[in-house]
Amino acid sequence: MRHRVVKNTLGRDKEHRKALMSNLSSQLIEHEKINTTLPKAKALRPFVEKLITKAIKPHKGGDKIDKFNTVKDLRKYLRNEEAIRKLIEEVAPRFLDRDGGYTRIIKTGERDGDKAPMARIELVKGNEVKKETKKVVPSKKKASKDEK
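Using the numbering used here, the first residue of the sequence shown is number 9, and each one after it goes up by one.
Mixed in with the good hints there might be a few duds.
As the list claims (entries may be wrong) - Computed cross-link-like contacts, DSS-like style, restricted to lysine-lysine with a CA-CA straight-line distance of at most 30 Å:
#  : residue 1 : residue 2
1  : Lys72     : Lys94
2  : Lys58     : Lys133
3  : Lys15     : Lys115
4  : Lys133    : Lys48
5  : Lys15     : Lys41
6  : Lys41     : Lys115
7  : Lys15     : Lys62
8  : Lys80     : Lys15
9  : Lys65     : Lys123
10 : Lys123    : Lys62
11 : Lys72     : Lys50
12 : Lys58     : Lys26
13 : Lys75     : Lys65
14 : Lys65     : Lys22
15 : Lys133    : Lys115
16 : Lys26     : Lys75
Unchecked claim - Computed Cβ-Cβ distance ranges for the label pairs, DEER-style:
#  : residue 1 : residue 2 : range
17 : Asp74     : Gln35     : 25 to 33 Å
18 : Asp122    : Ile73     : 47 to 55 Å
19 : Glu97     : Val13     : 30 to 38 Å
20 : Glu23     : Asp71     : 34 to 42 Å
21 : Glu118    : Lys41     : 14 to 22 Å
22 : Lys15     : Arg119    : 21 to 29 Å
23 : Asn31     : Met9      : 27 to 35 Å
24 : Val132    : Lys75     : 20 to 28 Å
25 : Asn31     : Asp122    : 35 to 43 Å
26 : Ile73     : Lys115    : 39 to 47 Å
27 : Asp122    : Arg25     : 14 to 22 Å
28 : Pro54     : His24     : 16 to 24 Å
These aren't lab readings, by the way, just hints derived from the structure by calculation.
These numbers come from a predicted model, not from an experiment.
Don't be surprised by glycine CBs; every beta carbon is placed ideally from N, CA and C.
With the sequences and hints as input, model every part of the structure.
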């Protein structure tokens, strides 16, 4: 029985929903932000967060076997090899010091045709190295008594 089990089915059966989540997550990983409907974005968020958490595992003291098993596990959810490569090599290292909250949902209004609520889901920046720039402050010359 599924008493009190809440899941947004998005009006699709299990296989269609699985394919939808796989395709949306591949596109999100590739482009790092996508526009979609708000219910799809809300359903996609926990799916992608779990994938990123799995991809972080071999970076935290893992060896080649951990990386192999992680790739094998990610293939269950993502069918795009390029997305898997980018997830492990580029996206996961950005979030090593972060415990969750890898994505952000921003509401963008309504779609023109059917007034469906739209949203942009994107990966947060993570721990990127910030370049420090020196601020050049113009020195103020004190007016001498002779110039006055």
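These are the hints, each one checked on the structure:
1. Taken as a hint, the Lys72 and Lys94 pair is honoured in the structure, with Cα atoms around 17 Å apart against an allowance of 30 Å.
2. Proposed proximity of Lys58 and Lys133 is supported: the alpha carbons are some 17 Å apart, at most 30 Å.
3. Between Lys15 and Lys115 the CA atoms are separated by roughly 21 Å; this keeps the pair inside 30 Å, and the hint holds.
4. A C-alpha spacing of about 22 Å is found between Lys133 and Lys48, which places the hinted pair at or below 30 Å, so the restraint holds.
5. Distance check on the hinted pair: Lys15 and Lys41 sit about 24 Å apart at the alpha-carbon level, within 30 Å; holds.
6. With a C-alpha separation of about 13 Å, the suggested pairing of Lys41 with Lys115 holds against the 30 Å cut-off.
7. As the CA atoms of Lys15 and Lys62 are separated by approximately 22 Å, the hinted pair is consistent with the 30 Å bound.
8. About 26 Å separates the Cα atoms of Lys80 and Lys15, which keeps this hinted pair within 30 Å; it holds.
9. Taking the CA atoms of Lys65 and Lys123, the gap is near 41 Å; set against the 30 Å cutoff, the hint is violated.
10. For the proposed pair Lys123 and Lys62, the alpha carbon gap of about 36 Å is over 30 Å, so the pair is violated.
11. A distance of roughly 34 Å separates the Cα atoms of Lys72 and Lys50; the hinted pair therefore is violated under the 30 Å criterion.
12. Taking the CA atoms of Lys58 and Lys26, the gap is about 14 Å. The hint holds against a cut of 30 Å.
13. Under the criterion of a C-alpha separation no larger than 30 Å, the hint pairing Lys75 with Lys65 is consistent with the structure, at around 8 Å.
14. For the proposed pair Lys65 and Lys22, the alpha carbon gap of about 28 Å is at most 30 Å, so the pair holds.
15. Distance hint between Lys133 and Lys115 is fulfilled; the C-alpha atoms sit about 18 Å from each other, no more than 30 Å.
16. As the CA atoms of Lys26 and Lys75 are separated by approximately 24 Å, the hinted pair is consistent with the 30 Å bound.
17. For the pair Asp74 and Gln35, the beta carbons lie near 27 Å from each other, so the given range of 25 to 33 Å is met.
18. Taken as a hint, the range 47 to 55 Å holds for the pair Asp122 and Ile73, whose Cβ atoms sit roughly 49 Å apart.
19. Distance hint check: the CB atoms of Glu97 and Val13 are about 36 Å apart, consistent with the given range 30 to 38 Å.
20. Restraint check, Glu23 to Asp71: a C-beta distance of roughly 35 Å satisfies the suggested window 34 to 42 Å.
21. Here the CB-CB span from Glu118 to Lys41 is close to 19 Å, well matched to the stated 14 to 22 Å.
22. At about 24 Å, the beta-carbon gap between Lys15 and Arg119 stays in the expected band of 21 to 29 Å.
23. For Asn31 and Met9, the Cβ-Cβ distance of about 31 Å falls inside the hinted range of 27 to 35 Å, so the restraint holds.
24. Checked against the hint of 20 to 28 Å, the C-beta distance between Val132 and Lys75 comes to roughly 24 Å, which is consistent with it.
25. For Asn31 paired with Asp122, a C-beta distance near 21 Å fails the hint of 35 to 43 Å.
26. Taken as a hint, the range 39 to 47 Å holds for the pair Ile73 and Lys115, whose Cβ atoms sit roughly 43 Å apart.
27. Between Asp122 and Arg25 the CB atoms are about 20 Å apart, so this pair conforms to the stated range of 14 to 22 Å.
28. A C-beta distance of roughly 18 Å is found between Pro54 and His24, which places it inside the suggested range of 16 to 24 Å.
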